[in-house]
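Q: Below, each chain spelled out in residue letters.
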Amino acid sequence: MPLTPVIRFGDARCELREGESVLDGLLRQGVPVAHACRAGSCGSCMLRAVEGEIPAAAQAGLKDSWKAGGYFLACICHPEGPLTVAEAGSDARVAATISSLGKLAADVLRVGLTCTAQFPYRAGQYLTLIRDSGIARSYSIASLPEEAELELHVRLIPGGRMSGWLAHEARLGDKVVLQGPSGECFYVSGREDQPVVLIGTGTGLAPLRGIVRDALRAGHRGPLRLFHGARTVDGLYLREELAALAAAHANFTYVPTVLDGDGAAGVDVGPIDRIVAGQLPGLGGWRGFVCGDPALVQNLKRKLFLGGMALNDICADAFLPAAL
Amino acid sequence: MPNCNLPTLYDQLGGAAAVEAAVDNFYRRVLNDDRVAGYFDGVDMDRQRVKQKAFLTMAFGGPHNYTGKDMRNGHAHLVSRGLNDSHVDAIIELLGATLRDMGVAENLIQQVAAIAESTRNDVLCR
Numbered sequence: 354m355p356l357t358p359v360i361r362f363g364d365a366r367c368e369l370r371e372g373e374s375v376l377d378g379l380l381r382q383g384v385p386v387a388h389a390c391r392a393g394s395c396g397s398c399m400l401r402a403v404e405g406e407i408p409a410a411a412q413a414g415l416k417d418s419w420k421a422g423g424y425f426l427a428c429i430c431h432p433e434g435p436l437t438v439a440e441a442g443s444d445a446r447v448a449a450t451i452s453s454l455g456k457l458a459a460d461v462l463r464v465g466l467t468c469t470a471q472f473p474y475r476a477g478q479y480l481t482l483i484r485d486s487g488i489a490r491s492y493s494i495a496s497l498p499e500e501a502e503l504e505l506h507v508r509l510i511p512g513g514r515m516s517g518w519l520a521h522e523a524r525l526g527d528k529v530v531l532q533g534p535s536g537e538c539f540y541v542s543g544r545e546d547q548p549v550v551l552i553g554t555g556t557g558l559a560p561l562r563g564i565v566r567d568a569l570r571a572g573h574r575g576p577l578r579l580f581h582g583a584r585t586v587d588g589l590y591l592r593e594e595l596a597a598l599a600a601a602h603a604n605f606t607y608v609p610t611v612l613d614g615d616g617a618a619g620v621d622v623g624p625i626d627r628i629v630a631g632q633l634p635g636l637g638g639w640r641g642f643v644c645g646d647p648a649l650v651q652n653l654k655r656k657l658f659l660g661g662m663a664l665n666d667i668c669a670d671a672f673l674p675a676a677l
Numbered sequence: 002m003p004n005c006n007l008p009t010l011y012d013q014l015g016g017a018a019a020v021e022a023a024v025d026n027f028y029r030r031v032l033n034d035d036r037v038a039g040y041f042d043g044v045d046m047d048r049q050r051v052k053q054k055a056f057l058t059m060a061f062g063g064p065h066n067y068t069g070k071d072m073r074n075g076h077a078h079l080v081s082r083g084l085n086d087s088h089v090d091a092i093i094e095l096l097g098a099t100l101r102d103m104g105v106a107e108n109l110i111q112q113v114a115a116i117a118e119s120t121r122n123d124v125l126c127r
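Heads up: the protein sequence lines correspond to chains A and B, in order. The first sequence begins at 354 in the numbering used here and counts up by one. The second sequence begins at 2 in the numbering used here and counts up by one.
Watch out, some of these pointers could steer you wrong.
[To be verified] Restricting the straight-line Cα-Cα distance to at most 25 Å, the calculated cross-link-like pairs of lysine-lysine (PhoX-like) are:
#1 A:K528 - A:K456
#2 A:K420 - B:K52
#3 B:K52 - B:K70
#4 B:K52 - A:K656
None of these hints come from the bench; they were simulated from the model.
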C-alpha cells in the first residue's frame, strides 16, 4: 500500500487526501500559497521541492532550469511520497569572510568571498550579500562552485551603501552573510550541440563568465557567443581573460562592444542589440542568456524571441537597482 | 444519441503538446503585429506566455477554468486603453495563421476561431 503523501512547508504539515493536489492540501492547512488557474497553466502556484520526488507532470511546461532547480506547479502536483516544499527562492544563509578585494574597471570591484560553510550554487545564480549593519544587496556570482573563492563583480554606485563600503571601508577578513542562491540563469546540460548566445552589459558579465565556463567544463560543443557591452572602452573588463578563454576553446567567441568609441582594438561600436542582430541574424534553435540593465534585458529578450528563439530557451536576469 | 467515442477538438489538435507547439508561434505573431503589439509592451514575457497557453488551451477546446468574469477582469484595463473589435479580429486572424502554419485542417481552425469568437463580448467588457 502506498504511503500517504505528507507535505511539509515550513512549520506546516499536511497529509494529502485522495485526489488532493499539493496546493489543495496546503490551502486546507491554511498555508497561503498564491494560486489562480488551478489547471497547471498560469504558474502562480509554483513552489520548490527541497526534498522528495516531484512527478514529472507537475513540471510540465516549466523551463529546464526551473525543473533542474526543483520547481513545480503545486496545483497539478500529486506526489507518490513525502515532499518538503518551500516558496520559490529560499532564504538559506551562510557566513563568509572577504578574502580578496580589487578593481576590475574604474567602476567595477572584484570581491572574493570565502564561505564558512557549504553554499551550493550554480554558476550564474545570484545571492544577497548582507553587511553586519543589515544592508543587503544582490549580486550575481562570477565563479564556479568548485573554486575556492566565491567571486562577485560589484558596480560602484555613487553614494552606494554596499559598493561604497566595499570600495572604501571593507578590509580583508571582514565578515558578511550570504543569502541564497537564487535565479534560474544557469547552464543546463543535455543539449551540448545547441548554439548559445550570452549578452551582458556592465557587471552583467559576472554571471555570464560563470555560465560560459560552466558550459565549457560540461563539454558543450555548440557555439558559445559572448557579447559584453559597456558605454566606453573603460567599462569593459576581464578582456584578457576572456580573449585567452576564446583562444583556448574553438567554439567560444568573445565580442566586446561599446556604445561610444572609435572602433579601435577589436571593439565593436554601437547598441549591443544591433551588434548581436547583425552577427546572429537567425536565432531559431538557439539558447540565450541576457544579464544586466533591466530595460536592455527586456528589449533583448523580446528581440531574441522575435529573432526565432523559443521563450523557454531564454534565461534573463535583470539587475534591478536597490529601492531606497 | 451522442457518440462518446468521437475525439474532441482538443484531441484532434494534439492536446497539450499542440498548445506547447503553438504558443511561441502565436505570441511571436502577436508581438510582430502593429495592430495589437502595443498592448503587450512592458509585460513580463514569461508570465504572458503562460497566459497565452491558458488562452490557447481554452480555444483548442481543452480543459480550462476560464470564466466570463476572468475575461472581463483580465482585459478591462486594455478596454480603457482602446481595445475594440478590430483587435479581437486581429487575434483570431493570428490564431488562424498559427494553426495554418502548423498544418492544422481548415475545419478545425474554424472551430478554434468559433471558440475564440465566443469570448469577444467578455474580452471587450460588454
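Q: Each hint: holds or not?
A: Each hint tested on the structure:
1. A:K528 - A:K456: With a Cα-Cα distance of about 20 Å, the restraint between A:K528 and A:K456 holds, given a limit of 25 Å.
2. A:K420 - B:K52: With a Cα-Cα distance of about 20 Å, the restraint between A:K420 and B:K52 holds, given a limit of 25 Å.
3. B:K52 - B:K70: 15 Å, holds
4. B:K52 - A:K656: Holds, at roughly 20 Å.
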